[in-house]
Amino acid sequence: MASREIVRYKSPTRTAFSVLVILFLIVFFVWTVLPLAIMLTSSFKDLLDAFKLPAEGDWGGVGVMFDFKPTGAHYIELFTEKHFGEYMRNSLIASLGSAVVSVFLGSMAAYAMSRAEFRGKKDLLFWIISTRMAPVVAVMVPLYVIFRSSGLVGTLPGLILAYTTFNLPFAIWILKGFFDNVPYAIEEAALCDGANRWQALRMIMPLVAPGVGAFIVLCVLFGWNDFLFASIIGSGGAKTLPVATAELVQPVKIQWGSIMAAGVVTTVPMMFLGLLIRRYLVTGLTMGAVRE
Amino acid sequence: MAVNSIDREPREQSEYRGVRRIDHVPQIFNNQPARYYLMWLLLPAVLLLAAISLYPFAWLIYMSLHEVQLAPGKSDLWAGFDNFSRLFSDKNFARGWLTLFKYSALCLSVEITLGVLVAVILNNSRLEKLFITIFLMPMMMAPVVAGFLYMFLYNGTFGWYFWLLRSLGVLDGGSILGNKSWAMAGVVATDVWQWTPLIALITLAGLKRVPQEQLEANMVDGAGPIRNFFSVALPNLYPFLLIAILLRFMDNFRFIDTILIMTGGGPANATKILPTYLFDVSFKFFELGRGAAIAFTLLLLTILLGLALTKIFEDPTRKIKSDRAD
Chain A
1 MASREIVRYK
11 SPTRTAFSVL
21 VILFLIVFFV
31 WTVLPLAIML
41 TSSFKDLLDA
51 FKLPAEGDWG
61 GVGVMFDFKP
71 TGAHYIELFT
81 EKHFGEYMRN
91 SLIASLGSAV
101 VSVFLGSMAA
111 YAMSRAEFRG
121 KKDLLFWIIS
131 TRMAPVVAVM
141 VPLYVIFRSS
151 GLVGTLPGLI
161 LAYTTFNLPF
171 AIWILKGFFD
181 NVPYAIEEAA
191 LCDGANRWQA
201 LRMIMPLVAP
211 GVGAFIVLCV
221 LFGWNDFLFA
231 SIIGSGGAKT
241 LPVATAELVQ
251 PVKIQWGSIM
261 AAGVVTTVPM
271 MFLGLLIRRY
281 LVTGLTMGAV
291 RE
Chain B
1 MAVNSIDREP
11 REQSEYRGVR
21 RIDHVPQIFN
31 NQPARYYLMW
41 LLLPAVLLLA
51 AISLYPFAWL
61 IYMSLHEVQL
71 APGKSDLWAG
81 FDNFSRLFSD
91 KNFARGWLTL
101 FKYSALCLSV
111 EITLGVLVAV
121 ILNNSRLEKL
131 FITIFLMPMM
141 MAPVVAGFLY
151 MFLYNGTFGW
161 YFWLLRSLGV
171 LDGGSILGNK
181 SWAMAGVVAT
191 DVWQWTPLIA
201 LITLAGLKRV
211 PQEQLEANMV
221 DGAGPIRNFF
231 SVALPNLYPF
241 LLIAILLRFM
251 DNFRFIDTIL
261 IMTGGGPANA
271 TKILPTYLFD
281 VSFKFFELGR
291 GAAIAFTLLL
301 LTILLGLALT
311 KIFEDPTRKI
321 KSDRAD
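Protein chains in written order, with this note's numbering: chain A, 1 to 292; chain B, 1 to 326.
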């Protein structure tokens with residue numbers, strides 16, 4: 001804020017205030033990072049180490065958290081005995097397939113919506129956004145019945161189609177906002193120079209390419225992190241990482257080491273993707289309402 | 001949807017819109033009016049979307065009026081509005097709505113308070129970049145994984161958060177998620193952990209748009225930083241916070257993965273929000289007709305929220321997109 005130019009004098013209240021602020025920031029930082037750190041360390045701990053806790057009220061014993069001999073056993077187990085390589089491939093195919101289909105068709109439709117004015121456009125847009133907002137469970141009830149009768153349950157194409165139910169409206173909606181920001185004058189100038197419509201469209205490609213790429217990544221993220229569709233529609237043949245993780249919970253004993261390792265395997269690629277598209281992330285997660 | 005009704009708009013409006021107007025452009029491509037070319041671009045996506053959303057919606061209505069038989073060879077029985085009228089006497093249904101609102105209210109109030117607080121502190125500080133990077137991490141995590149992670153932290157024999165709460169002397173019982181009054185706090189904390197960062201990022205984006213002159217004018221008038229926040233920054237943030245609230249509320253009933261994993265709605269239905277109940281009815285008891293009726297009521301709420309959201313997008317006075325290129 002503008003307060004930078006104003007000289008501030010020290011006073012006890014001010015000092016106390018800034019100490020409070022710093023304390024709050026530290027607590028918030030720890031609160032955000034600690035679960036991640038625990039997940040990461042636990043995935044490298046063997047069972048004995050993972051279950052070690054200091055006695056209640058023994059604050060000095062917190063160091064136990066980092067006192068362990070790292071072992072990659074859980075990861076090795078996941079990829080050899082538990083077929084996580086295959087599930088990872090399923091996750092990748094389903095989410096990437098749906099992302100590519102959605103963004104390809106979505107960008108065409110979004111371009112048209114952005115450039116054309118026609119009757120019912122508002123209603124069309126409303127329909128699109130409400131499709132995206134519909135609760136997953138509510139959509140799944142009829143979708144399950146339809147997919148079951150057409151043999152799509154338990155297949156990757158079925159899962160791709162299921163993910164498209166939320167990725168396609170997302171892509172249309174967000175890319176429309178994106179194309180709206182590209183001045184039509186650019187295409188107009190190209191058209192005046194004798195370009196045809198496709199060539200004119202190619203003129204604005206470099207402008208929209210980074211955004212389109214970022215929204216492909218976001219669609220991959222939505223599909224990758226999905227659990228409900230994958231557990232009901234993908235059950236059987238098309239098991240994805242979240243479902244496989246949930247299946248590590250067995251009635252007799254929950255294999256926490258493996259679950260934490262599976263969590264790391266599921267989360268880390270998405271975190272990198274998130275950092276990669278950082279500029280578009282808030283726009284994407286707020287349906288284009290907030291731009292940074 | 002009527003694609004074939006793509007039409008000219010009245011002249012005044014297109015003048016106002018300026019750059020968007022397309023029917024003046026020389027028709028070079030295929031000698032067809034521009035609108036046909038745009039229609040062919042629009043059509044595939046709209047048809048696909050109709051196939052995967054309108055067609056299931058028709059099915060949903062059909063199912064909600066029938067007693068759906070899952071066994072092959074049996075045909076569905078006409079039930080009229082029985083599925084709907086039964087909802088009125090269904091205690092779990094009413095409780096599901098109540099729990100959903102309680103859950104959302106708790107999540108949202110904590111997230112908004114914390115998110116705005118963090119954003120205001122971080123705004124323009126040296127730590128801003130670092131924190132933004134850290135904020136991204138929980139948001140990128142699959143809700144299922146977050147659910148498991150918190151289950152692990154809450155575990156009664158080796159969970160660190162369980163140990164912390166016991167050590168602080170706050171928790172009397174032997175379990176967090178198994179305790180009726182703590183389970184709700186447990187699932188809310190998970191949501192807060194994952195999504196407070198998003199609120200903070202939205203608020204940060206909003207704070208960058210607060211007009212500098214207003215802040216300075218207020219300061220010249222003798223307002224301190226706190227007064228400045230409440231009387232200048234906060235009113236400017238309202239549209240951003242409104243968006244954040246709508247989106248988070250929407251997601252609260254869109255995604256039930258964490259609750260499903262952590263408590264499954266228990267203990268004693270303490271965390272059984274309506275979508276969780278719907279999941280049980282449809283995919284545990286396989287009463288698809290009744291499930292469809294419940295889904296229908298949820299979709300109504302969705303449509304209301306959608307209307308609110310599109311209103312915000314349309315509102316010409318809102319400041320959110322003030323940086324648009326045109």
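Keep in mind that a hint or two might mislead.
Stated by the list, open to error - Footprint (simulated), chain A over chain B, 3 or more residues, beta carbon under 8 Å:
#1 82-88
#2 100-107
#3 172-180
#4 243-252
#5 262-269
#6 280-288
#7 295-308
Claimed, not checked - Sample of chain B residues with no beta-carbon within 10 Å of chain A, all distances over it, derived:
#8 77
#9 79
#10 158
#11 202
#12 221
#13 231
To be verified - Below are the DSS-like pairs computed for lysine-lysine, each with C-alpha atoms no more than 30 Å apart in a straight line:
#14 253(A) x 129(B)
#15 91(B) x 253(A)
#16 102(B) x 91(B)
Hints in this document: simulated from the structure, not taken from any laboratory.
Don't be surprised by glycine CBs; every beta carbon is placed ideally from N, CA and C.
Hint check results:
Note: the stretch 82-88 of chain B has 0 residues with beta-carbon separation from chain A under 8 Å; the three-residue rule is not met and the coverage is violated. Counting residues of the stretch 100-107 of chain B whose C-beta lies closer than 8 Å to any C-beta of chain A gives 0; at least three are required, and the coverage claim is violated. Counting residues of the stretch 172-180 of chain B whose beta carbon lies closer than 8 Å to any beta carbon of chain A gives 0, which falls below the threshold of three, so the coverage claim is violated. Closer than 8 Å: that is the beta-carbon criterion, and the stretch 243-252 of chain B has 4 residues meeting it against chain A, so the requirement of 3 holds.
Here the stretch 262-269 of chain B counts 0 residues with a CB under 8 Å from a CB of chain A, which misses the bar of 3, and the coverage is violated. Check result for the stretch 280-288 of chain B against chain A: holds, 3 residues qualifying (beta carbon to beta carbon below 8 Å, three or more required). Closer than 8 Å: that is the beta-carbon criterion, and the stretch 295-308 of chain B has 9 residues meeting it against chain A, so the requirement of 3 holds. Remark: the non-interface label on residue 77(B) is consistent with the geometry, its nearest Cβ contact in chain A lying 15 Å away (cut-off 10 Å).
Once the 10 Å rule is applied to beta carbons, residue 79(B) is consistent with being away from chain A; the minimum gap is 15 Å. Not every beta carbon of chain A lies more than 10 Å from that of residue 158(B), the smallest distance being close to 4 Å; the non-interface claim is violated. With a cut of 10 Å on Cβ distances, residue 202(B) falls inside the contact zone with chain A, its closest approach being about 5 Å. With a cut of 10 Å on Cβ distances, residue 221(B) stays outside the contact zone with chain A, its closest approach being about 13 Å.
Against the 10 Å criterion, residue 231(B) stays outside the reach of chain A, whose nearest CB is about 13 Å from its own CB. Of the pairs offered as hints, the one joining residue 253(A) and residue 129(B) is violated, with about 42 Å between alpha carbons and a cut-off of 30 Å exceeded. For the given pair, residue 91(B) sits about 34 Å from residue 253(A) by alpha-carbon distance, which is inconsistent with the 30 Å threshold. Restraint check for residue 102(B) and residue 91(B): satisfied, since their Cα atoms lie roughly 16 Å apart, inside the 30 Å limit.
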